[in-house]
Amino acid sequence: MLIEGQNISVAKEAGRILDNVSLQIDEKDFLTIIGPNGAGKTMLLKCLLGVLSPDEGTVTHKPGLTIGYMPQSMEIDPVLPLSVKRFLTLNMTVETGFLDEIILETDIGHLLDRQMHALSGGEIQRVMLARALARDPDLLILDEPAQNLDISGQLEFYKLLERIYHDRQKAILMVSHDIHLVMASTQRVICLYHHVCCSGAPQAITQDPEFISIFGDDLSKMMAVYPHEHDHDHSHSLSHSLSGHDHHGGDDHS
Amino acid sequence: MSPLIAPLILAVIAGPVGCLIVWRRMAYFGDAIAHSALLGVALGLSIGFAPNIGVALICGIFAGTLVYLQHRRKLSIDTLLGILAHGALALGLLLVFWTSVETGHTPHSETHHPEALTTQTAEQIDPHVILETYLLGSLENITMSQNITLIIGAIMIAITLKLVWEPLILMTLNLDLARAEGVPTLRLQYIMMGIMAALVVLGLQITGVLFITSLLIMPAAAARQISKTPEKMIIWAVIFAFSGVLAGYIAAQQAELPPGPTIVSALTIIFIISLFISVFLRKKNPRI
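So the sequences go chain by chain: D and V.
At position 153 of the first sequence (counting the first as 1) the number is 152 in numbering that gives the first Met the number 0, and the numbers step up by one without a gap.
At position 179 of the second sequence (counting the first as 1) the number is 178 in numbering that gives the first Met the number 0, and the numbers step up by one without a gap.
The set of hints was computed from the structure by calculation and includes no laboratory data.
Cβ coordinates follow ideal geometry from the N, Cα and C atoms, glycine included.
Treat the hints with care, since some could be wrong.
Unchecked claim - Which bits of chain D does chain V cover? Going by a derived footprint, with three or more residues having C-beta under 8 Å, they are: (1) 40-53; (2) 176-186.
As the list claims (entries may be wrong) - Straight-line Cα separation of at most 20 Å, DMTMM-like style, residue types lysine to aspartate or glutamate; simulated pairs: (3) V:Lys73 x D:Glu74; (4) V:Lys231 x D:Glu12; (5) V:Lys227 x D:Glu74; (6) V:Lys231 x D:Glu122; (7) V:Lys73 x D:Asp112; (8) D:Lys84 x V:Asp77; (9) V:Lys227 x D:Glu12; (10) D:Lys84 x V:Glu230; (11) V:Lys282 x D:Glu74; (12) V:Lys283 x D:Asp112; (13) V:Lys73 x D:Glu122.
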């Protein structure tokens, strides 16, 4: 167990944002939280991170747990001059060899001397991911990491994430709107609308009446078109990329 | 001791603090704290202790209140700041006039605060003199003990900044990221407010309530035009603050003007020049 959240509730003036949410993240987990806007997804992540303490319920971290966090929509204020290189090691020390490896993996080598505020959406996301990885975390927590990317950028980002999940054996907890893209790579899905509506394997969840009641019949039917394979060992199922025929790295591992 | 020492020390420490204020968008906070300082002066005069103790007290309370209000608000923060700043300024002004009318003189400050920056004497009771001194700054000779207080204060601020520098920058970049990585963000916010309040107290007599924020943000804003790293921006801010204060203070001495407006006029000219330089630099290298 890396993080366990029990009966988390958060209330704001508008009402209950989170209502009695419980979930557990284990080692090598790949858990995706989906849900409509305003469902409390970001709030839940912040509670699990320990950034926000819930009104009710508890969050327990494994002792010594290191989390790499990528916040939602990273807007960089141009008033602060800061290079990518400097940002990567800001307020932490990273061994040079390890950092170089991460820079290579996230393909940001050509960005190092650029100013943070001059990066494009996709570049920022890769730099943020690199910083999260540089902490050598047990768990990556990502809040809508592909939000501001175009479709090919999204595909690329999720591919990178899958590769990291495989090669580095990190657990991943992610909030995402890109249900259709995420379904193929994730192991478990939680559908959140203030409370946990349903949870389970990606394919199963799209058949769940609660899922259909929130996202509608159309999406559920659409999801059925995407090829999923969940009938075998977890470490394998993830090496199938979205299109189903583009194999890479991970297969050789197990 | 040269009368220029105190203003120049103030300029050096205004560089880094000003950069942080510009990065963290705290200019309004600085103004609110500075305006509250006049209330501190007035309280000091009316109750009978050195105005700078009153200023330190009121500014400290104000700074704390601002951090607190930032976290629970129905009104937007700029509205709250406007209310607090001008409420305190109005109250301070009234109190200055009221004190001079009521007592006809200002009680001598007691000597059990040897570090007190100013000791008001009976000939300074004219409310207009007091207001000119504290709103626009004063050229009055700065005593040895005031210089020492300023030096110690500046060193303490510099050490504090050095200790919290990297987490502060991270927090400026993204609050949630900093929190998630274990940066004690609330504590740092209080530290920042404390530093700003301390600077207001230290600089009050030199630039006056109305101009202390400009001394902080103008050099930093000019420095941003030509810097690519946080540290270079600070170095330039220090250079600009130093030049502006030097030019402004000497001009004030020559023409017998209040130093606050002359210093800030000099800084405005520096800022405008930096804009031109930045346009020129951007033509050569568009990535600054």
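Against the structure, the hints come out as follows:
1. Requiring three or more residues with a Cβ within less than 8 Å of a Cβ of chain V, the coverage given for the stretch 40-53 of chain D holds, as 4 such residues are present.
2. A stretch counts as covered by a chain when three or more of its residues have a beta carbon under 8 Å from one of that chain; for the stretch 176-186 of chain D and chain V the count is 0, and the coverage is violated.
3. Straight-line distance between C-alpha atoms of lysine 73 of chain V and glutamate 74 of chain D comes to about 25 Å, which puts the hinted pair past the 20 Å bound.
4. Restraint check for lysine 231 of chain V and glutamate 12 of chain D: not satisfied, since their Cα atoms lie roughly 45 Å apart, outside the 20 Å limit.
5. Restraint check: the Cα-Cα separation between lysine 227 of chain V and glutamate 74 of chain D comes to about 18 Å, which is no more than 20 Å; the hinted pair holds.
6. Among the hinted pairs, lysine 231 of chain V with glutamate 122 of chain D is inconsistent with the structure: their alpha-carbon atoms are about 25 Å apart, more than 20 Å.
7. Straight-line distance between C-alpha atoms of lysine 73 of chain V and aspartate 112 of chain D comes to about 42 Å, which puts the hinted pair past the 20 Å bound.
8. Restraint check for lysine 84 of chain D and aspartate 77 of chain V: not satisfied, since their Cα atoms lie roughly 35 Å apart, outside the 20 Å limit.
9. Between lysine 227 of chain V and glutamate 12 of chain D, the direct Cα distance comes to roughly 43 Å. Violation of the 20 Å bound is thereby established for this hinted pair.
10. Taken as a hint, the lysine 84 of chain D and glutamate 230 of chain V pair is honoured in the structure, with Cα atoms around 14 Å apart against an allowance of 20 Å.
11. Simply put, lysine 282 of chain V and glutamate 74 of chain D have alpha-carbon atoms about 26 Å apart, too far for the 20 Å limit, and the pair is violated.
12. Of the pairs offered as hints, the one joining lysine 283 of chain V and aspartate 112 of chain D holds, with about 17 Å between alpha carbons and a cut-off of 20 Å not exceeded.
13. Of the supplied pair hints, the one linking lysine 73 of chain V and glutamate 122 of chain D is violated, its CA atoms being roughly 36 Å apart against a limit of 20 Å.
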